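Enquirer: Take the sequences, apply the hints, and build the full model.
Chains as they are written, first to last, in the numbering used here: chain A, 1 to 337; chain B, 1 to 308; chain C, 1 to 541.
Because the hints were derived from the structure by calculation, they are not lab data.
In this text the structure is predicted, and so the values were computed from the model without any measurement.
Glycine is no exception: its CB is placed at the ideal position from the N, C-alpha and C atoms.
Be aware that one or more of the hints could be misleading.
[Said to hold, decoys possible] Taking beta-carbon pairs under 10 Å as the criterion, some of the chain B residues facing chain A (in silico): (1) Val27; (2) Asn47; (3) Leu122; (4) Ser136; (5) Leu193; (6) Met243; (7) Tyr298.
[What the hints assert, rightly or not] Which stretches of chain C does chain A cover? Using the computed rule of at least three CB atoms under 8 Å from a CB of chain A, they are: (8) 150-160; (9) 401-413.
[What the hints assert, rightly or not] The following residues of chain C were derived to be distant from chain B, with all beta-carbon distances above 10 Å: (10) Pro353; (11) His360; (12) Ser469.
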Amino acid sequence: MPDTQHTTVPGASEAPSTPRTGKISKRRIEHFVAPLEETPLQAVDSVREDSEPLGFWAESWRNLRRQPLFIVSSVLIVLVILVAAFPQWFTSVDPRSCPLEFARMGPQPGHPLGFTYQGCDIFARVIYGAQSSVVVGLFTTIGVVLIGGVMGALAGYYGGWLDAVLARLGDIFFALPLILGAIVIMQLPAFRESRSVWTVVMTLVIFGWPQVARITRGAVIEARNADYVTAARSLGLSKFGALVRHVLPNSLAPVIVVASISLGTYIVAEATLSFLGIGLPASVVSWGNDISSAQISVRNDPHILFWPALALSITVLSFIMLGDALRDALDPKSRKA
Amino acid sequence: MLMYMLRRLLQMLPVFFGATLLVYFLVFATPGDPIAALSGGKPMSPNVEAALRAQYNLDQPFWIQYGLYLKNLLTLDLGVSFSGQPVADELARAFPVTARLAVLALVFETVFGVLFGLIAGLRRGRFFDSSVLVLSLVVIAVPTFVLGFIFQYVFGVELGWARPTVGSGAPWGDLIMPGVVLGLVSFAYVLRLTRTSVAENMNADFVRTATAKGLSRSRVVRVHILRNSLIPVVTFLGADLGMLMGGAIVTEGVFNIPGVGSLLFDAILKGETPTVVAVVSVLVLVFVLANLLVDLLYALLDPRIRYA
Amino acid sequence: MHMKRLLQGVSVTAALALGLTACGGGDGDTAAAADGSYVVTAHNTEPQNGLIPTNTNEVGGGRVVDLLYTGLYSYAEDGSLQPELAESVESEDNITWTVKIKPGTTFSNGEEVTAQSFVDAWNYGADSDNAQKSQYFFETIKGYEESDANGADTLSGLTVVDDHTFTVELQGPESDFPMRLGYSAYMPLPTVAFEDMQAFGEAPVTNGPYTLAENGWQHNVQIELVPNEDYEGPREPANGGITFKIYDSFESAYADLQSGNLDVLGEMPPNALQNYQDDFPERNTSRAYAGNATMVIPGYLEEFQGEAGQLRRKAISMAIDRQQIIDQIFFGTKEVATEFTAPVIEGYNPDIPGSEVLEHNPEEAKKLWEQANEISPWPEGKVLKYTSNIDGAGNKEYITAIVNQLRSNLGIEAELDAVTTFKEMRDKVGQDALEGLSRAGWQGDYPSLYNFLGPLYATGASSNDGRYSNPEFDAKLLEGLEAGSVEEGAAIFNEAQEILFQDLPVVPLWYQAAQAAWSENVDDVVLGWDGKPLYHQITGK
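Expert: See the structure below:
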């Protein structure tokens with residue numbers, strides 16, 4: 001097949017000047033009706049007509065809680081949040097007690113994962129590092145999705161000058177180097193003396209929103225022309241109502257995907273900022289800090305990198321799974337009664 | 001459509017000036033004295049400092065500095081760096097190298113991201129799907145400098161399949177490995193975006209219709225599923241091009257590539273305003289153009305999208 | 001010749017800050033080794049300025065400038081002076097020096113090197129209008145104030161007597177003045193340089209053991225040097241040229257060294273300290289050089305003033321287990337400091353009275369700290385900050401280790417206060433805005449005890465970060481400078497160090513050592529007194 005498929009418009013896909021019928025006639029058609037296994041008729045047929053129709057969100061929730069993916073990811077997330085909130089329940093070792101004589105040693109009794117380059121207990125640091133990392137990851141993601149989502153949805157849905165202004169603003173913020181912005185923000189009088197996870201969250205949100213905005217904008221542009229939107233509008237739904245009721249729910253999938261991956265990259269970005277002295281103070285324990293400090297040990301003592309990276313992976317994994325489950329639940333097309 | 005493109009291109013002007021102003025101000029606002037750093041911590045007489053400050057207009061208030069910068073810009077003079085190099089020359093050296101690197105990364109993440117994402121989306125929950133999930137997790141959780149170091153050590157030093165650093169002139173061949181490393185995180189995004197869209201579209205009406213029409217499976221996948229799944233991917237890639245151009249600091253450092261990322265990073269740390277402003281301005285243009293291209297692609301991918 | 005501070009910045013700033021000034025040296029008899037045609041590739045960082053001697057104050061440019069130019073002297077491997085163009089440099093009063101230079105040597109464009117070539121170059125360097133970064137090297141020469149404050153074009157202390165003789169009049173007596181003259185700021189320049197210094201810096205015409213190849217400087221990629229046929233002197237090239245490859249990070253240079261794309265790497269990345277001896281068996285070396293690492297305790301901090309302050313300074317010094325940090329963080333590649341200078345300097349004495357304060361003694365440290373608190377309590381909840389700009393060169397690691405030791409040995413809260421940029425760090429220092437300890441370190445530009453003391457601890461000295469001031473110490477320094485000989489001076493400087501041990505304006509940590517490794521293609525890699533490879537001696541195999 002010609003690989004021009006990617007770049008041509010449907011209806012003109014094979015030869016723009018030839019009517020479609022002529023094209024089809026050249027083809028040997030094997031059967032006029034698709035084989036049963038390729039036709040998901042059951043899904044259509046098995047609608048239960050006796051049950052009360054549910055609202056969109058209620059139905060989504062019903063779908064969601066039935067999914068094994070959702071259950072597994074929820075359990076994992078609850079566990080991570082517990083660790084983040086109450087690290088002292090999980091270890092009695094002080095993560096900041098780092099006798100240099102233990103530097104880089106392997107597991108010892110009472111220290112199941114061994115020691116860092118500085119001789120800190122890796123297990124204790126992974127447990128205590130959850131808090132700031134989860135706060136940074138989670139709240140940056142929430143902030144970015146809220147700001148980026150609103151900006152992107154408005155720009156994509158209304159188009160015109162609003163799109164021009166918002167999208168170009170996004171372009172400028174996109175091009176601003178995070179490091180430059182972070183250096184400036186972190187030395188603002190308000191933050192210089194009180195650097196915390198929240199200043200890091202704020203910085204990452206300011207420089208992270210354009211990505212989500214662009215993704216949302218693209219999805220909204222795609223969805224706003226769909227038949228069901230036209231139908232809803234012709235049934236008298238207001239323009240804004242159509243955005244909230246129909247366009248947004250149908251645009252969420254890519255946003256969820258980007259958000260769930262970005263959650264992990266924000267945790268790593270915190271590490272980069274901290275590494276440069278514009279993130280968290282050195283005394284704050286975080287996965288990101290430990291991962292970047294492990295840079296020096298990669299070759300000789302990879303276990304120092306492994307454990308915090310594993311903790312980060314598990315957290316990201318649980319949010320990716322939650323995102324998948326959410327997407328499935330929200331997508332009316334994939335609903336099976 | 002032509003009007004639309006023209007309008008978009010005209011928008012570049014305010015964006016460009018807005019960006020230079022903002023960036024100029026940000027560099028101006030960074031703490032520390034660039035001249036004090038030039039001394040390397042060694043003694044420097046106040047008179048020499050004053051002479052250096054005057055040389056770079058650093059003795060002027062912000063608006064005068066910016067005004068002088070704009071004035072020079074109109075004559076296409078981008079200023080000089082602290083090392084006395086014309087910034088235009090620095091850009092001319094760094095951008096082609098980084099552009100090659102970014103293109104390689106983009107090709108890698110697009111080809112493998114879309115391919116793997118498509119397969120994973122068609123076979124959700126199977127072994128392949130789970131494997132690529134683990135792969136994306138590794139890519140997200142292990143920082144680029146570590147992945148870069150591992151690639152460099154394993155493929156460059158131990159196996160000798162590639163040069164561990166990029167040679168003089170940064171030829172395409174040397175840039176393949178760095179390009180892959182640079183594209184890895186975005187690869188995870190592309191992969192998961194494709195997978196999700198594909199999974200979503202498999203249940204769409206038009207796919208059912210196409211299947212019912214009797215189209216072969218491969219044709220349904222290619223023409224109907226894939227094409228309709230590409231909008232979020234294309235959106236992401238458009239924005240990513242700019243990120244790859246400007247944000248390759250770590251990759252460029254690991255593989256010793258004299259590109260835009262390290263140029264920008266060093267200039268930020270040194271407070272070298274003309275270089276930072278010039279690099280960021282070019283990056284803004286890259287973003288604007290890439291996004292215009294993306295918007296045009298939307299119309300090609302989905303005929304329902306029209307631009308007035 | 002001066003010293004410079006080892007306050008490294010991130011990435012490129014590292015090169016700025018690490019302004020080691022290379023000083024060549026050599027034993028002069030290696031010219032015949034091998035067939036001498038092998039072109040050696042060596043690691044370097046991008047020079048921060050054009051290749052102009054008086055404007056080069058960092059290591060990337062220093063390595064190149066030292067090979068391109070030849071002045072009156074160069075430094076031998078052990079740091080001693082070896083004559084290059086100097087026939088004699090003499091003085092009767094240590095104030096007015098008469099310099100005689102060898103006749104008949106030329107720059108690579110054929111111009112003869114005369115007394116005027118030196119005087120013009122020095123005048124140019126001292127004139128503040130030219131904003132040369134090594135301008136302060138001329139500050140002891142008479143007329144400097146005029147050149148500095150009013151931009152006078154010439155130094156009144158410099159007089160050309162004839163083509164091969166000039167005199168230098170200093171502001172005061174300086175017995176070791178000739179020791180300075182191997183430093184790159186004192187190199188001669190041809191007349192063509194003054195026509196367009198910017199262009200000259202890109203493609204200089206020079207008189208050293210090497211010259212820049214045509215279009216030899218590809219920015220951020222490499223700098224190609226070819227042997228100078230006309231050069232005659234102690235640094236005769238034993239190879240067919242040096243190609244400096246430019247790296248942003250030591251890690252990538254190390255990878256290139258491992259795979260044979262690089263011949264010589266003169267500094268190991270922190271993550272290779274553990275491995276370099278195994279990776280390059282028989283092809284590595286380590287040498288203590290004239291540099292040290294210290295920790296500044298600013299005099300303007302209330303908690304560190306008076307009697308309580310003295311006790312706290314001692315407590316901090318004794319709470320640090322230097323040997324353990326050297327073993328665990330640096331894998332034994334440093335040496336515990338026993339005083340304020342460096343062991344390779346003539347006159348070094350490891351047993352200066354008072355030096356026991358540098359020994360690790362956590363019990364005593366804790367006791368002293370508590371005694372201090374009885375006099376004036378440490379503020380409730382105050383965090384002892386240790387300020388440093390951070391980069392990949394191992395600073396973050398050792399400071400974290402020290403901070404951990406202070407926390408556990410003194411029972412206080414202490415943390416690394418990481419500063420992103422070198423310029424921000426210098427700003428804090430310059431404005432007396434340090435809030436606690438801060439990182440410092442010195443690299444001698446010429447091998448002299450005074451160099452490790454005067455610019456750092458004299459009242460009002462330009463690099464006195466902690467604003468230390470003790471008239472008794474200042475007097476000792478002056479006394480040492482006026483001593484009749486280097487030995488006499490050294491004894492007095494070491495007496496001055498006794499005062500420092502009482503006051504502890506800084507806490508000495510360790511002496512630096514340089515590690516180098518090389519590929520199978522080369523041989524005869526030797527590190528000089530300043531820790532830099534003696535490039536001209538390297539031979540091909």
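Enquirer: Output the indices of the hints that this structure fails to meet, ascending.
Expert: Per hint list: 2, 3 and 8 violated.
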